[in-house]
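Make the full structure from the sequences, and use the hints.
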Amino acid sequence: MEVDRTTDNDRFPDFQESSYESSPNLPERKLRRNDSLDVESRTVPGAAGVHGHKAVGAAAATASWGVILHLAFQSVGIVYGDIGTSPLYVYASTFIDGIKHKDDILGVLSLILYTLTLIPLVKYVFLVLQANDNGEGGTFALYSLLCRYAKVGLIPSEQVEDQEVSNFQLELPNNRVKMASCLKSKLENSRAAKIFLLFATMLGTSMVIGDGVLTPSISVLSAVGGIKNATSTMTQDKIVWISAAILVCLFMVQRFGTHKVGYSFAPIICIWFALIGGIGFYNFLKFDPSVIKAVNPKYIFDYFKRNKKDAWISLGGVVLAITGTEALFADVGHFTVMSIRLSMCGVAYPALVSAYVGQAAFLRKHTDLVSDTFFSSIPGPLYWPMFVVAVLASIVASQAMISGTFSIIQQSLSYGCFPRVKVVHTSSKYEGQVYIPEVNYLLMLACLGVTLGFKDTTRIGNAYGIAVVFVMALTSSFLVLIMIMIWKSHILIIISYVLTIGLLELLYLSSVLYKFDQGGYLPLAFAGFLMTIMYIWNDVHRRKYYYELEHKISPQKLKNIASLTTLNRVPGLALFYSELVQGIPPIFKHYLANIPTLQRVLVFVSFKSLPISKVPMEERFLFRRVEPDDLNVFRCVVRYGYRDIIHEQESFERVLVERLKMFIEEELWKLQNEDDNRAEERRRRIGEEIEVVDRAWKDGIVHLIGQNEVVASKGSGLAKRVLINYAYNALRRNLRQSEEVFYIPRKRMLKVGMTYEL
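Going by numbering that gives the first Met the number 0, the sequence shown opens with residue 0, and the numbers climb by one from there.
Mixed in with the good hints, there may be bad ones.
[Claimed, not checked] Derived DSSO-like pairs: lysine-lysine, alpha-carbon spacing no greater than 27 Å straight-line:
1. LYS308 to LYS514
2. LYS697 to LYS421
3. LYS421 to LYS588
4. LYS237 to LYS307
5. LYS713 to LYS551
6. LYS304 to LYS292
7. LYS719 to LYS543
8. LYS99 to LYS150
9. LYS719 to LYS660
10. LYS607 to LYS588
11. LYS185 to LYS487
Derived by calculation from the structure, the hints in this document are not laboratory data.
Structural data, given as structure tokens:
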């Protein structure tokens, strides 16, 4: 769809409007005049003086060590449950056909140790966490970094002023610019590359959500299955139903929030890590201390030399040792980068290494017990306490990816890549902690379906491996782009990363795909279903935006509307909501054609999501006046980051009116420097205008919502008609409407309907 890119200033050279970004410091403000139909406003001096570009994010930069340790403790309960419970099933999933040679144990242990070190520790803790977006993580955080540095977004809502928001700035090195500039230019000029980046982001998001489904199933089933060692009366069907009951309870407590759940779960995981680390060290000393020689990668080559194809297939079991690693990044918004690093390096990594080494030492003496390595290696007196803790830890394991799912869906909402859902902020202290009711219940149903359908961990493990490695490979792809374009890393560092971690992940990916027909199809089916929903929503969202951009009301049309003698002005203040940030939407003309009445003050409000995590309150509201002046009509763009809280409506109304009056005062302040008669007249009029706004606010606020029906235009193909008329409209009818997302009171709301032919 071609869009006329000329601005309204090009069409109407005499149409100049004042614009302003609200700030509480009036003496420092400087008014600038621009056509704000396309350039909404300028920032004031000093507004962008504090840059939020530190890689550890604003929260980590200002947090005291007390807060960091506090969050590190919480993160143990939220982030590491998944990767922490991997020792339950890794060796059993790797040696499906039994151990054929004792040195195979050393080869697999060596693989586990190097995989744990290279991917969770080196890649995620020291590299990927460095690529957080002002303290936020996940696939969309990486995508937002690329969108801010290069114009790779598909909706043309970028504004020059966005780059002056303090958190928008990126600190860029000055060297190695040539390669970065070349790649940036190619991405910006290639629509195919932009679509591919968005597609890859959606795929990564879908796979993380798939992790959120598979993690609870495999973790709880593995832990509960340990009871079979203690009693012969426990059948597999009973284990499945017990697991299902535990999963229901887990999802029911999500509404209490990450803060309370994390505090409840953190002690459990701390005890779990202490037990698996201690038992591992005990088994290491008791059975075979010589397994420490597995640090020599020679045993990996020997393992592949002996087993060839079977060794390659077994990598699908080894990779389960790093399941949940993506939670380190996806959940960072719930905590801080430093707290994640502390808890990983000080608690999780040492305990996991000890556990796997201890199990390997045990297997060297008991090769026939590999199918139940974890529970068989527990010393007798600790069996039942360990079983209870294992069940509790498996429940916590599920929490890691559930929290990550909530975070990454919240991010995708700001890009128009996910249907509207209610996001509940569960902590007033830590704003990154969220809960999404609709997603929570859908995850619960999907988990129950997987658990009751597959009934065993083998096929679920095959599915799990594909989801895990796909997300890791996509994260690496985005990270390489960031290393080239934003960090401008040395080419040797980039090549080293690709040849080590990149190739290792591709090797694991090739292995897990081999088991596609043994349950591996499940995450791809999940991803296909979710990506279909995301594509439908995003595609029609973009079409609607382009339609409004093409049909927006020109300044001259607005002047003609204002001159109509049939237009009635009534007391009050009207807020007219629109997604369009670059003009007045066509639905306004439709509204006046049917209801030729206008409140005394009218503000066109557009909510805009920036590709950053948070927008400071003083930089959130952008205003400008719509001429002719006597209309008392204003434009307001309200900018949010994908982690910002949408205000309750009463608070939002109050802040918006206050900022509007500050904007009018700004005009008055500037005109005080002018002595001509016209300036005096304008000063008097603006003073009266503030009184008009106050009176209109007291008379009452009415909210006008554009209820756009979308249909495929005449002559559209079958695919387009199905996409818009059926798929998108079915989603829209069954999900939350705008007024529910933005807390707009129904008693003061008026919906204006219009049909868009896309």
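Evaluated hints:
1. LYS308 to LYS514: holds, 13 Å
2. LYS697 to LYS421: violated, 30 Å
3. LYS421 to LYS588: violated, 31 Å
4. LYS237 to LYS307: violated, 39 Å
5. LYS713 to LYS551: holds, 21 Å
6. LYS304 to LYS292: Holds. LYS304 to LYS292 sits at ~18 Å (cutoff 27 Å).
7. LYS719 to LYS543: Cα-Cα ~14 Å, so holds.
8. LYS99 to LYS150: violated, 55 Å
9. LYS719 to LYS660: violated, 46 Å
10. LYS607 to LYS588: It holds: about 22 Å lies between the C-alpha atoms, which stays within 27 Å.
11. LYS185 to LYS487: holds, 16 Å
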